[in-house]
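Start from the sequences and build out the full structure, keeping to the hints where you can.
One line per chain: the protein sequences are A and B, in this order. Just so you know, the working numbering puts 385 at position 140 of the first sequence, and the rest follows in order with no gaps. Just so you know, the working numbering puts 572 at position 32 of the second sequence, and the rest follows in order with no gaps.
Be aware that a few hints might be false.
[To be verified] Label pairs and their in silico Cβ distance ranges:
#1 A/T260 / B/L627: 14 to 20 Å
#2 A/T290 / B/E614: 43 to 49 Å
#3 A/D293 / B/L620: 38 to 44 Å
#4 A/R355 / B/V591: 18 to 24 Å
#5 A/A311 / B/K590: 42 to 48 Å
Since the hints were made in silico from the structure, they are not lab data. Quick reminder that beta carbons are idealized off the backbone N, C-alpha and C, glycines included.
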Amino acid sequence: MSGRYAAAGAQDVTTATPGDSALTIEGGIDQRPQIYDFTSGFGGTPADNAIQTQMVRTSAAATMTAVVPEPLDFDDIASKTTTGEDVTVEGTQAGTPIFDQIINQRATYRWVAAPGGEVMIPATVNSGMTWVAFHPSYTLSHEVTVHFVD
Amino acid sequence: MRRANNYSTLIEGGEVPSTQEASGFTCGHCQHITHVKPFCDPADMGGLCKVCDSLICSPCYGARMKGGPCVPWEKAMERLESKDRFLRSAGIIE
Numbered sequence: 246m247s248g249r250y251a252a253a254g255a256q257d258v259t260t261a262t263p264g265d266s267a268l269t270i271e272g273g274i275d276q277r278p279q280i281y282d283f284t285s286g287f288g289g290t291p292a293d294n295a296i297q298t299q300m301v302r303t304s305a306a307a308t309m310t311a312v313v314p315e316p317l318d319f320d321d322i323a324s325k326t327t328t329g330e331d332v333t334v335e336g337t338q339a340g341t342p343i344f345d346q347i348i349n350q351r352a353t354y355r356w357v358a359a360p361g362g363e364v365m366i367p368a369t370v371n372s373g374m375t376w377v378a379f380h381p382s383y384t385l386s387h388e389v390t391v392h393f394v395d
Numbered sequence: 541m542r543r544a545n546n547y548s549t550l551i552e553g554g555e556v557p558s559t560q561e562a563s564g565f566t567c568g569h570c571q572h573i574t575h576v577k578p579f580c581d582p583a584d585m586g587g588l589c590k591v592c593d594s595l596i597c598s599p600c601y602g603a604r605m606k607g608g609p610c611v612p613w614e615k616a617m618e619r620l621e622s623k624d625r626f627l628r629s630a631g632i633i634e
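Have a look at this one:
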């Protein structure tokens, strides 16, 4: 029986394009993680910067700081999905972004899927999803929280 | 919108806080998240794939109109996964 998990990550220093990812989720040969909720926001002193925020598939592993997904039901087993934050070496991005919007730094964006509308990650090692934001002059944090079904 | 399968909110701070909400759908072919604003031109939001009967995004709709195949995301995933299993069984990747 699949379980629901939450993972939160941050990129402390947002850079210019192509940017460094705040959170990356990587699947495995045993499961297809299904993303049904994510929230994206920015730290630092509020200002009116228009920051491009993307959610992109990846096809190779990233170098990142490990994050342990938190089960939303305490009785669930540990998640088998690899998650990490503060990516230093990006995984290979595959295809066009799943989500691509210009979002004001002051704004918090949340996306929720109805059953049947989840974004699915293939059951292959290193296939994953990453959240990245970039701006030519904004250099503070980008923070993402994701809920997924393992 | 009908057949919406996701919902978004954009909460903006500042002197006059505001909240924008939008329904949308994930493309049946590539899973791109498309927001649909009320009363928007249907041509701007994509289209319906008449083979798999799912809403698809504008680029995928354009590809279908040019004669491209219908490849639902589930099918695309199965292809990726079978290729991965083959390469793994052949010892080409670990």
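Violating hint indices (sorted, rising): 1, 4
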